[in-house]
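As you go down the protein sequences, you meet chains A and B in turn.
Sequential numbering of the first sequence, starting at 14, is according to our numbering.
Sequential numbering of the second sequence, starting at 14, is according to our numbering.
Simulated from the structure, these hints should not be mistaken for laboratory data.
Take the hints with a grain of salt, since some may be wrong.
Treat identical chains as interchangeable: a pair holds within one or across any two.
[To be verified] With a Cα cut of at most 16 Å, we get these calculated EDC-like pairs of lysine to aspartate or glutamate:
1) K388 / E72
2) K339 / E434
3) K71 / E49
4) K552 / E483
There are 2 protein chains.
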Amino acid sequence: MNSSGNTKTADANLDTLLRIFTVPEDRNSTLTKIEEGLSKNLNEFLRNHIVTEERPLKEIEQDFLSSHIPEQPEFISDHTQHLLDKVVSQSVHTSSPGFIGHMTSALPYFLMPLSKLMTALNQNLVKIETSKVFTPLERQVLGMLHRLIYQEDDNFYLQRMHSAHHSLGAFCSGGTIANLTALWVARNNVLKAEGQFKGVEQEGLLRAMKHYGYDGLAILVSERGHYSLKKAADLLGIGQEGLISVPTDHNNKIRPDELKATLTRLKQNNIKPFAIIGVAGTTETGSVDPLDEIAEICRQEGCHFHVDAAWGGAALMSKQHQYLLKGIEKADSVTIDAHKQLYLPMGAGMVLFKDADATHVIEHHAQYILREGSKDLGCRTLEGSRSGMAFLLYACMHIISRAGYELLIDESIAKAKYFAELIRSQQDFELITQPELCILTYRYLPESVKDSIKQCPQEKRHAMNEILNELTKYIQKKQRESGKTFVSRTQLNPVELNGMDTIVFRVVLANPLTSKEILHEVLDEQRTIASQAISLINKLKALGS
Amino acid sequence: MNSSGNTKTADANLDTLLRIFTVPEDRNSTLTKIEEGLSKNLNEFLRNHIVTEERPLKEIEQDFLSSHIPEQPEFISDHTQHLLDKVVSQSVHTSSPGFIGHMTSALPYFLMPLSKLMTALNQNLVKIETSKVFTPLERQVLGMLHRLIYQEDDNFYLQRMHSAHHSLGAFCSGGTIANLTALWVARNNVLKAEGQFKGVEQEGLLRAMKHYGYDGLAILVSERGHYSLKKAADLLGIGQEGLISVPTDHNNKIRPDELKATLTRLKQNNIKPFAIIGVAGTTETGSVDPLDEIAEICRQEGCHFHVDAAWGGAALMSKQHQYLLKGIEKADSVTIDAHKQLYLPMGAGMVLFKDADATHVIEHHAQYILREGSKDLGCRTLEGSRSGMAFLLYACMHIISRAGYELLIDESIAKAKYFAELIRSQQDFELITQPELCILTYRYLPESVKDSIKQCPQEKRHAMNEILNELTKYIQKKQRESGKTFVSRTQLNPVELNGMDTIVFRVVLANPLTSKEILHEVLDEQRTIASQAISLINKLKALGS
Numbered sequence: 014m015n016s017s018g019n020t021k022t023a024d025a026n027l028d029t030l031l032r033i034f035t036v037p038e039d040r041n042s043t044l045t046k047i048e049e050g051l052s053k054n055l056n057e058f059l060r061n062h063i064v065t066e067e068r069p070l071k072e073i074e075q076d077f078l079s080s081h082i083p084e085q086p087e088f089i090s091d092h093t094q095h096l097l098d099k100v101v102s103q104s105v106h107t108s109s110p111g112f113i114g115h116m117t118s119a120l121p122y123f124l125m126p127l128s129k130l131m132t133a134l135n136q137n138l139v140k141i142e143t144s145k146v147f148t149p150l151e152r153q154v155l156g157m158l159h160r161l162i163y164q165e166d167d168n169f170y171l172q173r174m175h176s177a178h179h180s181l182g183a184f185c186s187g188g189t190i191a192n193l194t195a196l197w198v199a200r201n202n203v204l205k206a207e208g209q210f211k212g213v214e215q216e217g218l219l220r221a222m223k224h225y226g227y228d229g230l231a232i233l234v235s236e237r238g239h240y241s242l243k244k245a246a247d248l249l250g251i252g253q254e255g256l257i258s259v260p261t262d263h264n265n266k267i268r269p270d271e272l273k274a275t276l277t278r279l280k281q282n283n284i285k286p287f288a289i290i291g292v293a294g295t296t297e298t299g300s301v302d303p304l305d306e307i308a309e310i311c312r313q314e315g316c317h318f319h320v321d322a323a324w325g326g327a328a329l330m331s332k333q334h335q336y337l338l339k340g341i342e343k344a345d346s347v348t349i350d351a352h353k354q355l356y357l358p359m360g361a362g363m364v365l366f367k368d369a370d371a372t373h374v375i376e377h378h379a380q381y382i383l384r385e386g387s388k389d390l391g392c393r394t395l396e397g398s399r400s401g402m403a404f405l406l407y408a409c410m411h412i413i414s415r416a417g418y419e420l421l422i423d424e425s426i427a428k429a430k431y432f433a434e435l436i437r438s439q440q441d442f443e444l445i446t447q448p449e450l451c452i453l454t455y456r457y458l459p460e461s462v463k464d465s466i467k468q469c470p471q472e473k474r475h476a477m478n479e480i481l482n483e484l485t486k487y488i489q490k491k492q493r494e495s496g497k498t499f500v501s502r503t504q505l506n507p508v509e510l511n512g513m514d515t516i517v518f519r520v521v522l523a524n525p526l527t528s529k530e531i532l533h534e535v536l537d538e539q540r541t542i543a544s545q546a547i548s549l550i551n552k553l554k555a556l557g558s
Numbered sequence: 014m015n016s017s018g019n020t021k022t023a024d025a026n027l028d029t030l031l032r033i034f035t036v037p038e039d040r041n042s043t044l045t046k047i048e049e050g051l052s053k054n055l056n057e058f059l060r061n062h063i064v065t066e067e068r069p070l071k072e073i074e075q076d077f078l079s080s081h082i083p084e085q086p087e088f089i090s091d092h093t094q095h096l097l098d099k100v101v102s103q104s105v106h107t108s109s110p111g112f113i114g115h116m117t118s119a120l121p122y123f124l125m126p127l128s129k130l131m132t133a134l135n136q137n138l139v140k141i142e143t144s145k146v147f148t149p150l151e152r153q154v155l156g157m158l159h160r161l162i163y164q165e166d167d168n169f170y171l172q173r174m175h176s177a178h179h180s181l182g183a184f185c186s187g188g189t190i191a192n193l194t195a196l197w198v199a200r201n202n203v204l205k206a207e208g209q210f211k212g213v214e215q216e217g218l219l220r221a222m223k224h225y226g227y228d229g230l231a232i233l234v235s236e237r238g239h240y241s242l243k244k245a246a247d248l249l250g251i252g253q254e255g256l257i258s259v260p261t262d263h264n265n266k267i268r269p270d271e272l273k274a275t276l277t278r279l280k281q282n283n284i285k286p287f288a289i290i291g292v293a294g295t296t297e298t299g300s301v302d303p304l305d306e307i308a309e310i311c312r313q314e315g316c317h318f319h320v321d322a323a324w325g326g327a328a329l330m331s332k333q334h335q336y337l338l339k340g341i342e343k344a345d346s347v348t349i350d351a352h353k354q355l356y357l358p359m360g361a362g363m364v365l366f367k368d369a370d371a372t373h374v375i376e377h378h379a380q381y382i383l384r385e386g387s388k389d390l391g392c393r394t395l396e397g398s399r400s401g402m403a404f405l406l407y408a409c410m411h412i413i414s415r416a417g418y419e420l421l422i423d424e425s426i427a428k429a430k431y432f433a434e435l436i437r438s439q440q441d442f443e444l445i446t447q448p449e450l451c452i453l454t455y456r457y458l459p460e461s462v463k464d465s466i467k468q469c470p471q472e473k474r475h476a477m478n479e480i481l482n483e484l485t486k487y488i489q490k491k492q493r494e495s496g497k498t499f500v501s502r503t504q505l506n507p508v509e510l511n512g513m514d515t516i517v518f519r520v521v522l523a524n525p526l527t528s529k530e531i532l533h534e535v536l537d538e539q540r541t542i543a544s545q546a547i548s549l550i551n552k553l554k555a556l557g558s
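Take the sequences, apply the hints, and build the full model.
Spelled out as structure tokens, the structure:
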């Protein structure tokens, strides 16, 4: 039965139409029941409505083939049922305690009604006229994050937090825009106005390079840097080749000696390294670069020091673990995502600037808004119209508080350490990266080959590694499809494994609802799936013997 | 009484903390009551909770001075009360029928529960693993918008809509990112790989310019183009001086003769004009550029033709008014904001590309996600992690339907025409720009000087205009502060007023709940405020006599 074919349609006349703006949903409507379901027991609602077993994407696409905008309106109740049947059912249960493959987590309950309130208020933070109190509120939240990182004194914040002439940072849709904003500011500051030259923001990159006499620009980051940095280098006209990848050590941290050598090489070629990025929580392994050492190199070289702490920045909330990010307070700019370890829903990134004057080089104005001297936030953000996500972070800061965030961070890291120990204690698993924050990687390694792979000659070892990669991919895919638990996968080149291309399971343990039992289940399920990959296991055995 | 000082605090222990993730709000809690209030009668809720009269920002800021993240958690109920008292009360009633100064409107009721559902699902659309059905859903919505603009046949969409190798467009946070994405694609296509040269995305702008032998790049747009284009020119390394402003005619539309002359001049200086932007609904006056003529010029010049239809694109839904955008189907790319005339909450922009291969020049991959050949949406978007706003647009497409959107658009334009006539029929107002879409501008012009200003010598006329500008600013500010109705203001240089800098009221009539009575009230209120500006009025009279 074709459900869309049978969907009842409403009348498209103005009175009916206006009702969707004026008449609330009936108490007994499908939509009201959904709301109640969400409020009463979110996890149960999602468990009941999201189909566990994965349907192939090709099949799902069959429900989304028409390229015509429907000509006739549907009744809300009918369409809501359709959304439950065709959309909610086939979505991903990202907040499930067993979904430990990506950076989404369960969210605090109170954020659901507050999100609804935020939608109802529908403020636009680009300017005060459409956001009023949301402007000082967002400035305060940015001030709190700034202080968490930079620890300036009360007077510093009193003078700058609500000043029309300063910005402590910017809210944006996520880490990509935050990183881009930071590098935009860095580029414009290194190619700033001077004498007759009006600055890169006015005259463009070609004339800026001529003025300053450089043959190229470079941004440096470890080989584990986030892919968004490539986009930033492309967008800013530097080119992806201008994003220089610096080798990492066996802990996936940038090597300061390699960083220095790269800088020397670049300068010999008259290429200006204008920004160095420290990663505070790599996406794949959660490793934190030696920020103090990078800071010192940046100081010596006169480079902008940016820290991509999209993932790890929240660890500053923990007195026990903030030492991991030591040196972040020397960064010129820092990216933190609130939709990661600050437990907000998707769409909340931030960039903070040490110097509240740093963003002057990206300032802009218009006649109808953002007039000179106004406190409109839009004067110094990459995005224009924006929603009031800062409202949700403001509420979390008060309801969870620093002490609450500390507990969450400490728990996550403790859980990751527990899981690492658990993996290490198995006969048939191999821990690949030790967790520093709450991310770790590992793989399934059949007991039968665990010893032989280390002893056999290099060529054979490579062949076995290839099969193990196939096995890891196979297990990850089957596990995902069965829908009980989920880990992600990535490719690393661990020093311990001679730098071979190694596919690994990647686990992120930020969801406070993930129990130790679930971690045991994840391994059990992987072991069971592996036992079904008979031909791969046999190939391995044959090679290993 | 300092409320934050007296706020009760909860315990920061793990069990208490976990409750916010597992235990729903009580049926009698403040938050549940807010939700019920929103659901029962949104307008009443907002009217009851938002304070009408404006408090000075300086005063509001006093409640947001601390830069410390609170050390101890607050009870949800206490903090909710605080949010009502200090935040909701001082927010802007953007959905009020009398708030006709900016592009926010009342939203359909059903979007509130659906927003809550979207938050609860918390999908991340960067990749299929965290969004599954949301990926084909978003692709379908983009397909629908693409078809609305480009009217390709079924086969075109069947082959491309769900293809891993094609993109019909991209969802993003708003028009700024949409415009930036379009110009990024345009820049990378004009400086694409060729022979030994690996393309601007790889080698950067400096080497690209050398390879192609250009002394500069230029983007052309009318002087009414949106300020986000300046940011894009800056970001992309072209420089704001590379965004060339082309004069407009008396209807605020770009002058094709001036456009051609500008192109000739640029080429004489070896500057490559690589993109021309047609504005389909200028922010200030709602005017639509002659898209057909620009398309022809772009064809002749081999320029990328981008249409910024962030505001006006929705008019394509109306059979009666789609002719206004004729020529948009020839654009290489089009920006449309769903959070404007498609009635979504803040944070929903889109860019559509005529050629589904156009985005190959901004494609990117990584090991852990966005692998080659995957259908992950993140391979070809500027943003990374993103929320599932397409879900809300999908629901609107079905519940409102094309026919419903048509009614909304037609009503808005009819209302704007009515208001224009109303203004024209007043003795003491002056219509400045006639509405083409539902935006118009006007000013208060005391009857006593209405004739004299036209007849007096130029110098005097300028002096009177200056005072009128003061008066317009005064009225707009007072009206905003009184909080009953709200119009915005901008500065134009109308041909009819000898190109003098003229401050005008700007009105946007997209809210379906704005009645004709309210339009009368807006004028009455402005007249009353004007009558209180005695010294300005007297100065005008003195000059006019």
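Here is what the structure says about each hint:
no.	hint	result
1	K388 / E72	between (51 Å within a copy, 14 Å between copies)
2	K339 / E434	neither (26 Å within a copy, 66 Å between copies)
3	K71 / E49	neither (33 Å within a copy, 40 Å between copies)
4	K552 / E483	within (11 Å within a copy, 84 Å between copies)
Of the numbered hints stated above, those contradicted by the structure are hints 2, 3, listed in ascending order.
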